[in-house]
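Based on these hints, arrange chain B on the given structure of chain A.
2 protein chains.
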Amino acid sequence: MTDARGSTPGGVGRGPVENAQLALLVDVAAAPKPGNVDRDHDLAELRIEHFLAGAVGAGEGLRRAAAGAPVGVAFERAVAGMSDQSGGNTQFGCLLLLVPLVRAAVADGPLDGDTVTAVVESTTVADAADFYRAFEHVDVAVEEPPAELTELDVRRGADAVPALRERDLTLADVMARSEGDGNAREWTTGFERTFETAAAIYDDDGPITDRVSRAFVDRLARDEDTLVRTNHGPEVAAEVVERAAAARGDPEAVAELDAAFVETGINPGTTADLLTAATFVALEWGVEV
Amino acid sequence: MTDARGSTPGGVGRGPVENAQLALLVDVAAAPKPGNVDRDHDLAELRIEHFLAGAVGAGEGLRRAAAGAPVGVAFERAVAGMSDQSGGNTQFGCLLLLVPLVRAAVADGPLDGDTVTAVVESTTVADAADFYRAFEHVDVAVEEPPAELTELDVRRGADAVPALRERDLTLADVMARSEGDGNAREWTTGFERTFETAAAIYDDDGPITDRVSRAFVDRLARDEDTLVRTNHGPEVAAEVVERAAAARGDPEAVAELDAAFVETGINPGTTADLLTAATFVALEWGVEV
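Heads up: the sequence lines are chains A and B, in that order. Under our numbering, the first residue of the first sequence carries the number 1, and numbering increases by one thereafter. Under our numbering, the first residue of the second sequence carries the number 290, and numbering increases by one thereafter.
For the record, the hints were derived by calculation from the structure and aren't laboratory data. Each hint should be verified, as a subset may be incorrect.
To be verified - A few chain A residues facing chain B, derived, Cβ under 8 Å: (1) HIS50; (2) VAL56; (3) GLY59; (4) GLU288.
Stated by the list, open to error - Far from chain B, by Cβ distances over 10 Å, these chain A residues were calculated: (5) VAL12; (6) GLU49; (7) ALA53; (8) PRO70; (9) ASP84; (10) PRO110; (11) ARG156; (12) ARG165; (13) THR189; (14) PRO207; (15) ALA221; (16) ARG222; (17) GLU235; (18) ALA238; (19) GLY249; (20) GLU252.
Don't be surprised by glycine CBs; every beta carbon is placed ideally from N, CA and C.
With the rest of the complex left out, here is chain A (with noise of 0.2 Å):
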């Protein structure tokens, strides 16, 4: 792996703040991709425009996080500019992935887990309060926190931020309190399956498009999906995993699985968070489009 850029003699080259943006762009355009909307189709109130207005109304905040913006700062920022559009939550994880990434890539020294390790380890008490503000701006499917967490809840927005002065809670504290979570795993691990699955779709060959489909598929019979679960529970969650892991491999089950999972609601959404931010380290890496 290198870190050149997959500049074209003709360009003048894209730097993270475009490769973070093209990525939230090749993962709806990737196909299939069970369960989401991506290229073949839509889900019922969930349309492929929804997404693409998301990724262009996230690219202020992702500018701010290239410019050393706070974590918290930039994330909030991106998040707004994201749910300006009719279709509710797109990409809210997906950013809580990238604005870190998109800040190591601006670091010195290689993208990788150490880079964004120390991003994580950088958030303050005042990045936490602007993730909690970012929920202001669209509605997200959480779980239930446990009582004892009730304060902290994510839902209620900035009215948790009393509480997160009074605990001392940093942004990389709150990640850490919500391990369950796809996303928030990533934060406490040095983005450990983000850069696996990066790996995957750089090794692999064709166009991008296919390598994330094919890697989302592997992806999702590993890992039980944290929306699946918040959803339909756990016993779906592992049954999914289970399903993917028969099909993948098989264009054909793929589809039918595709076919199955938008029949019955089910939408491994933060499988889809997870990809996006592994397809924005492999446009860093240098893959082509």
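Frame of chain A; chain B shown alone:
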């Protein structure tokens, strides 16, 4: 029509730059758009991700246009960024229409033919020189110029700049000498077809991608496509108009037309440029996404 922004309660409002990028994206997500890369299919060497990367890469040039940079400076930067992908020319013609429209959108007054004509009339010889320089970033299909205009062949790129200066030609003058070209025609007519098509999109119902697909076929049924004429000659261009007129309004016939155009390499790319410009105007006028 109003110029109210299509912002939602949670969001921060899309400005002209965001709407221009969204127009570039919606136009490749709309389908069918017979003979073009769209949501349903790629072409042999040109894939959807090339358009996604082009739309992202164009952002910096579009931001410069919105900030008041000269049309030529903004256009050349947008083309340089658009070209930073391996598919070749994706959106040169779109940007030639979008850059003056973005300038018009940030000017005083409503976004209409008068405002954009004022932008066109403000262009200088320096803008013309930057337009020629933009051809150095990417191969653009153009018709052979008449013998007396060989010195001003756009394919000469920056080499034609001394001839431009000698003849004191502004970018508006250059466009006026290329009136056989569908995009140049917009420059010389106050973007007549752009605004007419924007009104059709605005007045239509349903998701914006469906409106764009219908407006595309309607446009194709009315005007010869410059790119088709350049690549296949005037007889094929006239035949495309007739076939689109026969198919329009019948989804099955439109799908067959699409398949036939893809099969025979008929790519009405100039009509796609016009639709992108019209989509931008419709978004600025308040069509919701």
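Okay, the hints, checked on the actual structure:
no., hint, verdict
1, HIS50, "holds (7 Å)"
2, VAL56, "holds (5 Å)"
3, GLY59, "holds (7 Å)"
4, GLU288, "holds (6 Å)"
5, VAL12, "violated (5 Å)"
6, GLU49, "violated (5 Å)"
7, ALA53, "violated (5 Å)"
8, PRO70, "holds (18 Å)"
9, ASP84, "violated (3 Å)"
10, PRO110, "holds (22 Å)"
11, ARG156, "holds (16 Å)"
12, ARG165, "holds (25 Å)"
13, THR189, "holds (29 Å)"
14, PRO207, "violated (6 Å)"
15, ALA221, "holds (24 Å)"
16, ARG222, "holds (25 Å)"
17, GLU235, "holds (33 Å)"
18, ALA238, "holds (33 Å)"
19, GLY249, "holds (23 Å)"
20, GLU252, "holds (19 Å)"
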